[in-house]
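Asker: Spelled out from the first residue to the last, the chains are:
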Amino acid sequence: MTLENMLFNNKIVNRSGIICFMLLVVLPFAGSLIYAILYAFGLTGILSIGFTTTHVSGMLQNPEMFFSLGYSFYIAFCSILLALILSLSGVLLFKTTISKSKWSFFSYLPLALPAIVTAFVSLQVFNKTGVLSRVLYQINIIKNLNQFPDIVNDKFGIGIILTHVFMATPFFLIFFSNIYEAENVKALSNVAKSLGALSTKIAKTIVIPILLKKGLNTILLYFIFVFGSYEIPLILGQQSPQMISVLIVRKMQRYNLMDIPQGYFLSIVYLLAVILLLAVFLKSKNQAIS
Amino acid sequence: MKHLKHPIAIFAFLAFTMPFVLLFVLSIANGWNFPKLLPSGYSTKRWSGLSENTGGLLQSLQLSCMIGLIVATFSTITGFTISRSISLHSKRKYLLFACYFPLALSPVIYSLLLNHFFILFNLSGTFIGIVIAQLIITIPFGILLLSSLWNENMYSLEQVSATLGSNLRQTFFRVLLPVAMPQLLVCFFQIFLISWFEYGLTTIIGVGKVQTLTLKVYQYIGEANIFYAALSSCILIFPPAIFLWLNKRFVFSKFN
Numbered sequence: 313m314t315l316e317n318m319l320f321n322n323k324i325v326n327r328s329g330i331i332c333f334m335l336l337v338v339l340p341f342a343g344s345l346i347y348a349i350l351y352a353f354g355l356t357g358i359l360s361i362g363f364t365t366t367h368v369s370g371m372l373q374n375p376e377m378f379f380s381l382g383y384s385f386y387i388a389f390c391s392i393l394l395a396l397i398l399s400l401s402g403v404l405l406f407k408t409t410i411s412k413s414k415w416s417f418f419s420y421l422p423l424a425l426p427a428i429v430t431a432f433v434s435l436q437v438f439n440k441t442g443v444l445s446r447v448l449y450q451i452n453i454i455k456n457l458n459q460f461p462d463i464v465n466d467k468f469g470i471g472i473i474l475t476h477v478f479m480a481t482p483f484f485l486i487f488f489s490n491i492y493e494a495e496n497v498k499a500l501s502n503v504a505k506s507l508g509a510l511s512t513k514i515a516k517t518i519v520i521p522i523l524l525k526k527g528l529n530t531i532l533l534y535f536i537f538v539f540g541s542y543e544i545p546l547i548l549g550q551q552s553p554q555m556i557s558v559l560i561v562r563k564m565q566r567y568n569l570m571d572i573p574q575g576y577f578l579s580i581v582y583l584l585a586v587i588l589l590l591a592v593f594l595k596s597k598n599q600a601i602s
Numbered sequence: 046m047k048h049l050k051h052p053i054a055i056f057a058f059l060a061f062t063m064p065f066v067l068l069f070v071l072s073i074a075n076g077w078n079f080p081k082l083l084p085s086g087y088s089t090k091r092w093s094g095l096s097e098n099t100g101g102l103l104q105s106l107q108l109s110c111m112i113g114l115i116v117a118t119f120s121t122i123t124g125f126t127i128s129r130s131i132s133l134h135s136k137r138k139y140l141l142f143a144c145y146f147p148l149a150l151s152p153v154i155y156s157l158l159l160n161h162f163f164i165l166f167n168l169s170g171t172f173i174g175i176v177i178a179q180l181i182i183t184i185p186f187g188i189l190l191l192s193s194l195w196n197e198n199m200y201s202l203e204q205v206s207a208t209l210g211s212n213l214r215q216t217f218f219r220v221l222l223p224v225a226m227p228q229l230l231v232c233f234f235q236i237f238l239i240s241w242f243e244y245g246l247t248t249i250i251g252v253g254k255v256q257t258l259t260l261k262v263y264q265y266i267g268e269a270n271i272f273y274a275a276l277s278s279c280i281l282i283f284p285p286a287i288f289l290w291l292n293k294r295f296v297f298s299k300f301n
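Protein chains in written order, with the numbering used here: chain A, 313 to 602; chain B, 46 to 301.
Label-pair distances were calculated between CB atoms; the ranges are:
1) A:T512 x B:K136: 44 to 52 Å
2) A:L528 x B:F283: 32 to 40 Å
3) A:S552 x B:V224: 51 to 59 Å
4) A:L528 x B:M63: 28 to 36 Å
5) B:G101 x A:A499: 55 to 63 Å
6) A:C332 x B:G101: 32 to 40 Å
7) B:M111 x A:Q599: 39 to 47 Å
8) A:L588 x B:T62: 37 to 45 Å
9) B:M111 x A:I346: 30 to 38 Å
10) B:S96 x A:T365: 54 to 62 Å
11) B:T62 x A:K455: 25 to 33 Å
12) A:K505 x B:K136: 41 to 49 Å
13) B:L114 x A:I358: 31 to 39 Å
Derived list of chain B stretches under chain A, where covered just means 3 residues or more per stretch with a C-beta under 8 Å from a C-beta of chain A:
14) 54-63
15) 129-141
16) 146-159
17) 171-184
18) 241-252
19) 266-280
In short, the hints are calculated from the structure, not lab data. Just so it is clear, CB atoms sit at the ideal spot from N, CA and C, and this is done for glycine as well.
Full structure from sequences and hints, please.
Answerer: Here's what the structure looks like:
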């Protein structure tokens, strides 16, 4: 047996790896997508009546779907934007201290919080009888509970956005701090400084563009993650509008069986939105490589 | 050091540690009526009740641990082997791209779409069903994370090892595995965390029968039992926080 045959062209090992990949990764995804399409068009399911576009047209005429998609996009956009502003400001201020100093463990600490626990903490901090309202009451800024604004379960999703920002900011702080070091941004900034550039100019034209360009793929993936988040809007959101994940679960887990095909159709719309965002991700990734 | 005394650094420190402090205080609180800032009393009875499996928390802890360990071990091994096969495939770019789909999808929506098949194979509401459902998400993650291992250096090492007379087994265990160990550890730890924190998928596929810690937290929040919700949250977050500290303190510093 030659060396080549033994290692690189070991077809049995490689083929079984690809077969496992197809079985464990591709098949579940393709199977669930096909089943969702069949269900949405009435070709399978308990109340299957043959091919029909009733469920799809019913859902398309219902503004709930568009509101939900728009609301999810709004939450994801605001959360990522605020997290980026905070984390970039943090990196500009503290540079690599965030991930390199002996105290850096504390910036990693929020990464040990799952979404459901973070949502619970937000509920305990921002609700009408939470920590924040108690502090404001004690320092006489509010006189009674009604004066405290609705931060959780509100129609603007402020509680949801704040919770996502709290989760995303430490992540992006560490991420950008690592890019700052890996891309040798400090040296570039020093060169610009020695040539007479002001700190704001260096930040605007060197540091932020490098960090954003290098982190674009991760930002996009995090956007997709927030867009489809479930636990946080489930605990901190309100009945209407609902984020897409919560709405789909509500449609598919209801006792009304007629809602299930609509839930499957919503899932297909969500899948298409994710595929579109992933295509943008792939494009930007390829551009980054080239 | 000057950075650490900056007011923003102090605020960030307080904000990042606040959830841990708040949850621990609530887990030992006896009552917390408005407008008091601090609880009216403290007691360790909920913590001591853990050993008697009060509310099934100990059982949930064992269950979450077991699922996490099985999922992390299996996904790391599978990810390691499959990522090698993919790296040698002519269409590796597209195969790796396919791995992003299960990861990018909301786990709760993906599990709703998969649920029919789990019911069909009698896996819904079972321990093994939860493990399989989590593997469907974590294996692509493992593949993506470990795909960067298979570069020219790794193949050169394989070739050198084979040239010096080692067989596939020796090459795998004595050359590839030690080289890949830091990344395998990172992969194992991250997949354990994904499994440990998983809620949406577990609640749909487990139909409430497989009560992991995240389900307990949600159950107590739903019951407005904030003290037990805080206790179960503490059990959920303190082990990863300690694990993170150990990782940062010993494992990564050693490999770095």
